[in-house]
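J.: Single-letter residue listing:
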Amino acid sequence: RKEVEQDPGPFNVPEGATVAFNCTYSNSASQSFFWYRQDCRKEPKLLMSVYSSGNEDGRFTAQLNRASQYISLLIRDSKLSDSATYLCAVVNSNSGYALNFGKGTSLLVTP
Amino acid sequence: DGGITQSPKYLFRKEGQNVTLSCEQNLNHDAMYWYRQDPGQGLRLIYYSQIVNDFQKGDIAEGYSVSREKKESFPLTVTSAQKNPTAFYLCASSIGQRSNQPQHFGDGTRLSIL
Chain A
20 RKEVEQDPGP
30 FNVPEGATVA
40 FNCTYSNSAS
50 QSFFWYRQDC
60 RKEPKLLMSV
70 YSSGNEDGRF
80 TAQLNRASQY
90 ISLLIRDSKL
100 SDSATYLCAV
110 VNSNSGYALN
120 FGKGTSLLVT
130 P
Chain B
8 DGGITQSPKY
18 LFRKEGQNVT
28 LSCEQNLNHD
38 AMYWYRQDPG
48 QGLRLIYYSQ
58 IVNDFQKGDI
68 AEGYSVSREK
78 KESFPLTVTS
88 AQKNPTAFYL
98 CASSIGQRSN
108 QPQHFGDGTR
118 LSIL
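Chains A and B are the protein sequences, given in the same order.
In terms of my numbering, the first sequence is residues 20 to 130.
In terms of my numbering, the second sequence is residues 8 to 121.
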């Protein structure tokens, strides 16, 4: 089993829709989790950290389910500008606190 | 502005040649990382450094070398031993050693074989 897995998509949704992505991780001892956004041919940019109690930033909500070892990202009222690849990242304390990344989920928001 | 600067943006390597990718940060971060991204593969860890004059191999270190002589700088050399170097190379840093803080990335170097 890969350490971090995501559905690659693509997810094609109309503007204004709500869309959710899940990401599963294999190391039950993992402590820190993040969502990054990556635009085509650009570097990943931090979207939000994922806290145990769940957290919200505007239209974006992140959740952590430790029992089932997954994190989720919910995007409400999708905008055209939300079109990107969303990368799930889990801190690996065995590798200098480097990040283990999923392969990303591609989102296309259409008019 | 504080940030991570990678150069060059595009780099071409001839067979048998070593090339060095630059990564400089002025964020006063202790930890620095190099990742490689191939299409459809996600990011994979090449090397990391948690403190000056110390660095460790990541998952795919073969054919690469690094140095960490200054806190601000973590250059990556792609040696001729790396047979498939074509990829998008990303440098990242985070605030402290043994930190659960997020990493921030430079804007990357695209390396291709001539």
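Just so you know, the hints here were simulated from the structure itself, not pulled from any lab data.
The beta carbon of each residue, even a glycine, is placed where N, CA and C say it ideally should be.
Certain hints may be false.
Simulated DEER-style distance windows between Cβ atoms [what the hints assert, rightly or not]:
no., chain 1, residue 1, chain 2, residue 2, range
1, A, R85, B, L121, 30 to 40 Å
2, A, L65, B, Q48, 42 to 52 Å
3, A, R85, B, S119, 37 to 47 Å
Once the Cα atoms are required to be at most 27 Å apart in a straight line, the calculated DSSO-like pairs of lysine-lysine come out as [what the hints assert, rightly or not]:
no., chain 1, residue 1, chain 2, residue 2
4, A, K21, B, K21
5, B, K21, A, K64
6, A, K61, A, K21
7, B, K16, A, K61
8, B, K16, A, K122
9, A, K64, B, K16
10, B, K64, B, K90
11, A, K122, B, K78
12, A, K21, B, K78
Partial list, computed: chain A residues near chain B (C-beta under 8 Å) [what the hints assert, rightly or not]:
no., residue
13, E24
14, G28
15, F53
16, S125
17, V128
18, T129
19, P130
J.: Give a verdict on every hint.
T.: Results of checking the hints against the structure:
no.: 1; hint: A/R85 with B/L121: 30 to 40 Å; result: violated (49 Å)
no.: 2; hint: A/L65 with B/Q48: 42 to 52 Å; result: violated (21 Å)
no.: 3; hint: A/R85 with B/S119: 37 to 47 Å; result: holds (42 Å)
no.: 4; hint: A/K21 with B/K21; result: violated (34 Å)
no.: 5; hint: B/K21 with A/K64; result: violated (31 Å)
no.: 6; hint: A/K61 with A/K21; result: holds (25 Å)
no.: 7; hint: B/K16 with A/K61; result: holds (11 Å)
no.: 8; hint: B/K16 with A/K122; result: holds (23 Å)
no.: 9; hint: A/K64 with B/K16; result: holds (17 Å)
no.: 10; hint: B/K64 with B/K90; result: holds (18 Å)
no.: 11; hint: A/K122 with B/K78; result: violated (30 Å)
no.: 12; hint: A/K21 with B/K78; result: violated (33 Å)
no.: 13; hint: E24; result: violated (10 Å)
no.: 14; hint: G28; result: violated (12 Å)
no.: 15; hint: F53; result: holds (5 Å)
no.: 16; hint: S125; result: violated (11 Å)
no.: 17; hint: V128; result: violated (22 Å)
no.: 18; hint: T129; result: violated (23 Å)
no.: 19; hint: P130; result: violated (27 Å)
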